[in-house]
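Residue numbers (this note's numbering), protein chains in the order written: chain E, 7 to 406; chain R, 8 to 283.
Among these hints, one or two may not hold up.
Facing chain R, from chain E, some residues (calculated, C-beta under 7 Å) [as the list claims (entries may be wrong)]:
#, residue
1, Leu-172
2, Arg-192
3, Asn-194
What the hints contain is simulated information worked out from the structure, not anything from laboratory work.
Glycine is no exception: its CB is placed at the ideal position from the N, C-alpha and C atoms.
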Amino acid sequence: MLTTVGTILAVGGRHGRHGLRIVALVLLVAAVVAIVLWMRHRRRTGKPSHAEPPLGDQPDLPARSGAGVVSGSDGKPGRRRPRGEENTIEARGLTKHYGEKLAVDDLSFDVRPGSVTGFLGPNGAGKSTTMRMIMGLDAPDRGAVRVHGRSYHDLGWPLREVGALLEADAIHPGRTARAHLWMLARTNHIPRRRVDEVLDLVGLTSVAHQRAGQFSLGMSQRLGIAVALLGDPGVLMFDEPVNGLDTDGIRWVRQLLRRLAGEGRAVFVSSHLMSEMALTADQVVVIGKGRLIAEMPIEEFTTKNSHAYVRVRSPRLGELRSALTRAGGSVADAGDGSIAVRGLSRERVGEVAWNNALLLHELATQSASLEEAFVESTEGDVEFSSASTADTGGKDGDRR
Amino acid sequence: MTTTLDGTAQDAGDRDDRYGFGGILGSEWTKLTTVRSTVWTLLATAVVGIGLGAIVTSAQAARWASRSPVARAAFDPTRSSLAGVLFAQLAIGVLGVLVVSAEYSTGTIRATFSAVPRRPLVLVAKACVFGVVTLVVGEIVSLVAFLIGQGILSGKTPTAVLSDPGVIRAVSGGGLYLLALGLLALGLAWIIRVTAAAISTFVGILFILPIIADVLPSSFTSDISRFLPATIGTVMISAHYHGTDPFGPWTGFALLSAYAALALLVGGVLLVRRDA
């Protein structure tokens, strides 16, 4: 190398007095270009110039909610570890800017093994950004996230520890489904027969040799799920997995998620559709505008945020109203000739009516749906109000 | 899950506690060989490299009778037959760009980095696989172009054989030139990431810079033009190395390799710093 440089300089000296100057000029231009690109990058991501301290040095990373922070170092990476408490995602203080826009704001949560954790939020709330940060694809400005007690970058066999469906259509259109899976499998020494297994598992065996460009959105979605399952990992993440699936496909995904959690895996699923999560999730992590709104079991979320009431109908409504008020309930007109009672259980309302010898025509608990609870809890946290309304129909919102 | 990886992980080569370079090389080979653009661009490389060489040598053979003695003395049959290589660089450059930019445009780059979080390994593996393929194809194209060209010139003009001085160097130089330019395109694609912009930049370096160099004051022209790939390439595919040529073939190749290495280095630094 030194002789090469020497030759260049010698030749330069022989053939023209500009030679050395030109070499210097080329190096200078290269340096300027590199600096400009770097500055632009910094401005875009708002990334501080110094590196973040490694997660382990951060004092504020206690195990929360009983989720064990188990070091991955004593386990044998690459081997199948028992699916116990260590299979978790732990996010602590995740913060991410894109330019001036704050996409994720000091977000902390846990994903536990053996359960489906729903990741809920309106479109643009920062769900996908958070998932990319978990996968080490986007670097957080502050905070950190651990998978299996380690940063994603340090995983020994990433595909065998974490499987993810991030974007369903992220496939080269000219590559076949089998080739797409095989090129990923090879990096983590996953045997070829596993490719056929996951193709079979998602029902794509018959089209394994077709180029992915011919796939429908539903088929791409299934291929994305096959990628996630490829390494048989203990942690699974799915970003909006039911998009583009028909009702059969949606039911299939729902069952798959339940089954994966039943096998002891940590399953993390994002959705902007509450009804979907109500049927699938055990836990919910709800975010709005990048901030954590709730992290709790799904029943608790529904109960806490719902305005459950007892619906009563009676031919002697006036007397019943005053009796219930005396018993400590708050009574409101629910329309269509019934009243809504809050602050009293259904049993108590029945007792009050019995004690006052009042006939009831209807006595029912009216619980708010998860949808209502979600709307309630994210009120004011919706980034694009009009856009999110249009988006309830998935990608169709853009179609008009 | 009906089966697990329990038994299979070991026999698949689970000797290490971490994924390694071998698997990534294999993955990059699979990527390169399972898309049609690879076939088309390599085919274009062969057609342009061999076809243009045949056209140039045919023209030389036809005009030989009318050439001046000075022109006849300067005639290099090796260079004439390898002239197509200097245009085949475009096709190789397009492949070099696509190998990277197609991953970004389709989003597969995120799957790639999910499987291999240590991103520079991917850059190096891509450069190795693409480099070997380019070198093999480039050398074959050079050799075939040389043999066909000499066949066309035979009987009409002086011809060269592989054992003549400098001919082996020039013919292998054709493949090495394509290798260096292909890796330069690969490096640019890591920096720019967008197919159209990366190809434009590559074409600009090859064809716009010479024009700019031309319109500058003449004292600058020769000083700048001798650093340009086309000038270096012409020397690399010539059997006769004149002392007046700006850089010798090996110095020129070293310079081209340095360009490619610089582009890959900048691309690698950006790769680590930027979000995927």
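Agreement of hint E/Asn-194 with chain R interface, Cβ distance less than 7 Å: holds (5 Å)
Supplied contact hint for E/Arg-192, tested at 7 Å Cβ to chain R: holds (4 Å)
Restraint satisfaction for E/Leu-172 [CB to CB of chain R, less than 7 Å]: holds (6 Å)
The structure is consistent with each of the numbered hints, conforming to all of them.
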